[in-house]
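Chain by chain, the residues:
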Amino acid sequence: MKVTDKDVAYVADLANLELTGEERARMLRDLNSILDYVERLSELETENVAPMAQVSDRYGVDESRQGSDRFAYAIREDVKDGLRPSLPHDIALKNAPDTDGTFFEVPKVIER
Amino acid sequence: MVSALTIDEVKAAIAERKTTATTIAQDFYTRIRKEDSEIGAFLTLCEERALAQAGRIDALAAEGKPLPPLAGVPVAIKDVMVTSGVRTTAGSKILENFIPPYDCTAVARLEAAGAVILGKLNCDEFAMGSSTENSAFRPVHNPRDKSRVPGGSSGGSAAAVAAEMAVATLGSDTGGSIRQPASFCGVVGLKPTYGRVSRYGLIAFASSLDHIGPFAKTVKEVALVLRTIAGRDPMDSTSADVPVPDYVAELEKPVRGSGEALKVGVAKEYFGSGLDPEVRAAVEAAIQKLAELGCEVVPVSLPHTEYAIPAYYIVATAEASANLARYDGVRYGFRAKASNLSEMYRLSRDGGFGMEVKRRIMLGTYALSAGYYDAYYLKAQKVRTLLTRDFDEAFKKVDVIAAPTCPTPAFRLGEKVNDPLAMYLADIYTVTANLAGIPGISVPCGENHEKLPIGLQLFARHFDEATLLRVAHAYEGARAT
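Residue numbers (our numbering), protein chains in the order written: chain A, 58 to 169; chain B, 840 to 1320.
Just chain B, with the same shape it has in the complex (with noise of 0.2 Å):
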């Protein structure tokens, strides 16, 4: 069944002509047709571009001529990242009809590298959520249980990949939008590190913390579609100057060389009370399993991870609060009839903008104001350091860190929505790699007595991508055996 293929696959078989790249696009629209009713991933579908682009890579492939590296695979996007001529509405209702003016790099990337871009993804309003719930147009259910969430904010691009409506799809992680998702749905996804891939085109939510990441069934496709996205970009003076190695290259090196093993640390205060049972036992199965490979399994303290979430919560909604004054009527999206400048702004801020994004910038405000910003705002940018120094100390004896990556399977839609700070506490262990900087990663390590997936996460140092995806491939290598 062509939903099933890979990239590998896809790119096969339309360079051997069993296929082309058009009949491939169109497969996947009627499999999105038949099964997205009763998932809710795609907001905004692009057929057009889809076959243009599907078309010029048939054209390439009838002259015989060499295809690029994601040559007619079907991807799609989350819908905080800008698609010329696409309508994009970050989930929100402000921005509900808008239509950007260019298209945002990692998106442009993957388009010249010959990927055909299906839709725009459902995902929680402005990427503030974790179960997609928050999105101003519909929620989307979880495809492996209809009843629960896919995870947030990234929900569609999880969802899509999940229930092959997409080989690959592109998220944003800020405190874990990639990584608890993935988890969720039973897939892979990565939160680079910081400044690895161009942000230029993201929609902001919190710019020290926004990553954009990829989704797969796999991780030798995340690490393609990482390889195709990452780099320096003009556009972005946050993206890394650090050159990017071939990282699917670097995926069969073998963990443990010739004498030499990987050392896999685990941190205690992530396997503390409020962990479910059955997760703990799934990712410590996951991380003997890792020992079986030949890696060294290492304890370490992370002493500062119970302040993660709330340093996380006023740098994330301080730096929203600025980022989304821009959205005032003026120059795009809702605008509500009003008879003077501020009245206009205020209705139309108010009216286009959902509950959790206007708690949000309240919270953020009220951080930021006089007299409140040493105490809540630079107190957690302290906190911040400490968390950052962690991590430092903890990789001067380890390469990765594994860990649970939520200390739940996915929820029931409406179990969390009336209670803000425990849905908060949905990413108690993603948030921390995010003030950090550094790669995380979530792959699929078992499931619950409920069939419901359950994600091990792994940690690497800033720019180190190589071991965390070897690592990773290796697990689930080992994992299928």
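Pulled out of the complex, with its shape left as it was, chain A reads as follows (with noise of 0.2 Å):
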């Protein structure tokens, strides 16, 4: 699986990167070589093989329960009970690199 030029600007696009042409350049090379090593994976059989896509699964999943009931264990305490204090307004706006003092402000987000 050869990435391209334009796969590299695609990727870029969907991951909110903003890559200046010399980083799109190394990026091209760097990504090649690492899934030219990847590819290995497709050496095993593994139609059968369910994925694993945590191991937290394993731990307290309840399989004789449905939907959402089968990870009773993982509900929070305060959650079953009420709500708990969350963090505060003017905590969360601390570290805003631009607020109102009420909302986080941000440049024009329609173009018009």
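Treat each hint with caution, since some may be false.
What the hints assert, rightly or not - Cut-off 25 Å, straight-line C-alpha distance, at most; resulting in silico cross-link-like pairs (DMTMM-like, lysine to aspartate or glutamate):
{"id": "1", "chain 1": "B", "residue 1": "K1221", "chain 2": "A", "residue 2": "D114"}
{"id": "2", "chain 1": "A", "residue 1": "K151", "chain 2": "B", "residue 2": "E1286"}
{"id": "3", "chain 1": "B", "residue 1": "K1235", "chain 2": "A", "residue 2": "E120"}
Just so you know, the hints here were simulated from the structure itself, not pulled from any lab data.
Join these two chains into a complex; the hints should help.
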């Protein structure tokens, strides 16, 4: 699977990265080198192997239950009994690059 | 010398009123100021917080009250764990001025146990790297040979312990980032079972692979820290509801009981080509020591080992591309000047992230993108199942598995920076434990002819840190004689 210039541009777009020309060239080379190595995964027969998204599914998932009840072990006690205070508004804004005191301020969103 | 003290020695010295927590903290800061300019382990010092804590401990000691388990013990934290009110950068320019509004659970538990937090430790940016050369601020120099890397990504955490600038430190391990630096710096480093220690407050790199774990000079100290930070946390739904044994009490149990010997597995896949001959010799000698202690050495096979790195670099980068999407300049972190929102996102991210981080985001995004998801991400997840099954099978026959931690000792600064793939292959013996979620530890087992440390790695079953630590402790004791 060979990565092209167009692929790099498309992926950079998806990842919201403004790559410089030099970075795009390096990325093309590095991605191809790494993906070339990763190709060896296709040597393995995995037709009937279940994918493993995370280890923690082994720990407490109750297979006898349905839907989100299967994950009952992960439910937080304080949410079950009612909400607890969250991050105060002023603290949440403290690291903001730009704010009007109420909202995070950003450059215009919609192009006219 | 105060910096050479172990956790127990610090606690005893304060309890016996031979010294105070404040004096000890100040002595460590003096040492940091003296040594760290050549090492670069610390990014931020938090003296106010440290001395306030030390003062609290001293007040308890003065009143003759009982002291908490880590009273006055100077510790430091890898800068990927948030500390309320204390700058936390994740080793990145994008968070260069970020002040978190809350504490990481593991950090809070250390402090509740009386530990004195000296500061935040340098690391590869967003924990992505194997040498700490990807830190956006400066590299870390290995205290055992300053022309070499300390390993990564928890290079600062390993170096701080090796240079005695902290008694114990916390690091994180996503593909080997605790065990490999422990091996390179000649200290003990533990990656616990996935879910053993809460990840709340750990700046996420790959959520299914990230682990928090301790560094110290000895296995007993690592056990003490683990006992303090482990346990279910409602703030992390992946933290397991499994009781925390007294890891310290478990240490002294013999590896050979009456009639029953612990079985140590040796997998040929971890001793193949690419393994430095001096590393091989040191690790084989260590396994021989375990046999002399009464363990039964059993050959095992972990047949899918060679597929671990490619599977890891797809899963980890895919998860990272999602986790790092939040760094967009809106609510915190670096924001570039831009004329519209889209430009702001792109320029902030491109300006704030280093090259390795961008490379991994690109790889992960590509692996998840339409048309490639099945071939890469889904495939890697299936291979993950195969790797985990290898361990499940092996642990039917043995109790722990012994292997080298890394194929080589510490390499030189600058040696691998231009070859990302070569850097990735340094993780070859460590990523498997992250994919399977099993615990792994690295303990020093010798040096090469250049006096560079070599690490012995041990793996155990999920949640069997007690056995892991017991074998490691027994080896450590036998090696000293």
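Against the structure, the hints:
1. B:K1221 <-> A:D114: 15 Å, holds
2. A:K151 <-> B:E1286: Distance ~49 Å between K151 (chain A) and E1286 (chain B) Cα, so the pair is violated.
3. B:K1235 <-> A:E120: Distance ~24 Å between K1235 (chain B) and E120 (chain A) Cα, so the pair holds.
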